[in-house]
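First to last, the sequence lines map onto chains A and B. Letter by letter, the first sequence follows residues 1 to 111 of the numbering used here. Letter by letter, the second sequence follows residues 1 to 114 of the numbering used here.
It is worth saying that the hints were derived from the structure and are not from the lab. Cβ coordinates follow ideal geometry from the N, Cα and C atoms, glycine included. Please note that a few of the clues may not be correct.
Said to hold, decoys possible - As a list, the in silico BS3-like pairs of lysine-lysine whose alpha-carbon atoms are at most 30 Å apart:
(1) B/Lys55 with A/Lys70
(2) A/Lys56 with B/Lys3
(3) B/Lys71 with B/Lys57
(4) B/Lys71 with B/Lys55
(5) B/Lys70 with B/Lys55
(6) B/Lys13 with B/Lys71
(7) A/Lys70 with B/Lys18
(8) B/Lys57 with B/Lys3
(9) B/Lys57 with B/Lys70
(10) B/Lys3 with A/Lys57
(11) B/Lys3 with B/Lys71
(12) A/Lys59 with B/Lys3
(13) B/Lys55 with B/Lys18
(14) B/Lys53 with B/Lys71
(15) A/Lys110 with A/Lys57
Said to hold, decoys possible - Here are the in silico distance ranges between beta carbons for each label pair:
(16) A/Leu3 with B/Pro39: 17 to 25 Å
(17) A/Asn18 with B/Lys18: 45 to 53 Å
(18) A/Gly16 with B/Glu17: 46 to 54 Å
(19) B/Met54 with A/Lys110: 24 to 32 Å
(20) B/Ser80 with A/Gly16: 49 to 57 Å
(21) A/Asn18 with B/Pro95: 33 to 41 Å
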Amino acid sequence: TQLLEQSPQFLSIQEGENLTVYCNSSSVFSSLQWYRQEPGEGPVLLVTVVTGGEVKKLKRLTFQFGDARKDSSLHITAAQPGDTGLYLCAGDPYNNNDMRFGAGTRLTVKP
Amino acid sequence: DVKVTQSSRYLVKRTGEKVFLECVQDMDHENMFWYRQDPGLGLRLIYFSYDVKMKEKGDIPEGYSVSREKKERFSLILESASTNQTSMYLCASTPPGQGNYGYTFGSGTRLTVV
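Just chain A, with the same shape it has in the complex (with noise of 0.2 Å):
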């Protein structure tokens, strides 16, 4: 059993259509991380969210971290064949700064 619970797994949509994805957890959390991975590289940081209700906006990319601090959304806006890759959300569950990772949702924009 995964830690981080990310949904969907798979998303593929049209270019400029808006989507959601999930990260959710049983455990409460200091914080969480969202990054980006494309093939062949290693992820790269989007974003923390570290009050719970907090919400950080990326341009077109909009991060919520629930109330509770137990769950976490990334919704896009207008996605473009540029947003394609593998979103992971990341927690450290023991405050002590090794991160775990959820396994991830691929997401495929089309033009």
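Place chain B on chain A using the hints.
Chain B in isolation, oriented as in the chain A frame:
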């Protein structure tokens, strides 16, 4: 541009071989990590290190060991490679702190054990 460099992008090794995966970072980070990534399982933590000569087991240390003789270098060792260790291996580093710093990852080493 800050970097984590993994010595090989692709490796093919035979069952039973001793395999060394090297990782070097140029950011003077204290913390370094080795993960393996498999489809549907995400990234799983193998070992990590908070300082030179320090090492801590992650969630799946069996069959692996690590070495950190210098701050910038963290090596993963497969003592006797097996086919179930075929995977993508990712090294990462981060400054000290409690989870609010992002990890910087290398590009990964895709290891195939035949």
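Each hint tested on the structure:
Pair hint lysine 55 of chain B plus lysine 70 of chain A holds up; C-alpha atoms about 29 Å apart against a cutoff of 30 Å. Under the criterion of a C-alpha separation no larger than 30 Å, the hint pairing lysine 56 of chain A with lysine 3 of chain B is consistent with the structure, at around 26 Å. The suggested pairing of lysine 71 of chain B with lysine 57 of chain B holds, with an alpha-carbon distance near 18 Å, which does not exceed 30 Å. Between the alpha carbons of lysine 71 of chain B and lysine 55 of chain B the distance comes to roughly 12 Å, so the proposed pair stays at or under 30 Å and holds.
This hinted pair checks out: lysine 70 of chain B and lysine 55 of chain B have alpha carbons roughly 12 Å apart, not beyond 30 Å. Taken as a hint, the lysine 13 of chain B and lysine 71 of chain B pair is honoured in the structure, with Cα atoms around 28 Å apart against an allowance of 30 Å. Proposed proximity of lysine 70 of chain A and lysine 18 of chain B is contradicted: the alpha carbons are some 41 Å apart, above 30 Å. A threshold of 30 Å between alpha carbons decides the hint, and for lysine 57 of chain B with lysine 3 of chain B the separation of about 24 Å falls inside it, so the pair holds.
Between lysine 57 of chain B and lysine 70 of chain B the alpha-carbon distance is near 19 Å, which keeps this suggested pair within the 30 Å criterion. The hinted pair formed by lysine 3 of chain B and lysine 57 of chain A meets the criterion: a straight-line CA distance of about 26 Å does not exceed 30 Å. The hinted pair formed by lysine 3 of chain B and lysine 71 of chain B meets the criterion: a straight-line CA distance of about 14 Å does not exceed 30 Å. A threshold of 30 Å between alpha carbons decides the hint, and for lysine 59 of chain A with lysine 3 of chain B the separation of about 25 Å falls inside it, so the pair holds.
The straight-line distance between the Cα atoms of lysine 55 of chain B and lysine 18 of chain B is roughly 20 Å, inside the 30 Å bound, and the hint therefore holds. Only pairs whose Cα atoms come within 30 Å are accepted, and lysine 53 of chain B paired with lysine 71 of chain B is accepted, the gap being roughly 9 Å. Between lysine 110 of chain A and lysine 57 of chain A the alpha-carbon distance is near 23 Å, which keeps this suggested pair within the 30 Å criterion. The hint said 17 to 25 Å for the Cβ distance between leucine 3 of chain A and proline 39 of chain B, and at roughly 18 Å that hint holds.
At roughly 50 Å, the beta-carbon separation of asparagine 18 of chain A and lysine 18 of chain B lies within the given 45 to 53 Å, and the hint holds. In this structure the supplied range 46 to 54 Å holds for glycine 16 of chain A paired with glutamate 17 of chain B, their Cβ-Cβ distance being about 50 Å. In this structure the hint that methionine 54 of chain B and lysine 110 of chain A lie 24 to 32 Å apart at CB is violated, the actual value being about 47 Å. Taken as a hint, the range 49 to 57 Å holds for the pair serine 80 of chain B and glycine 16 of chain A, whose Cβ atoms sit roughly 52 Å apart.
Distance hint check: the CB atoms of asparagine 18 of chain A and proline 95 of chain B are about 35 Å apart, consistent with the given range 33 to 41 Å.
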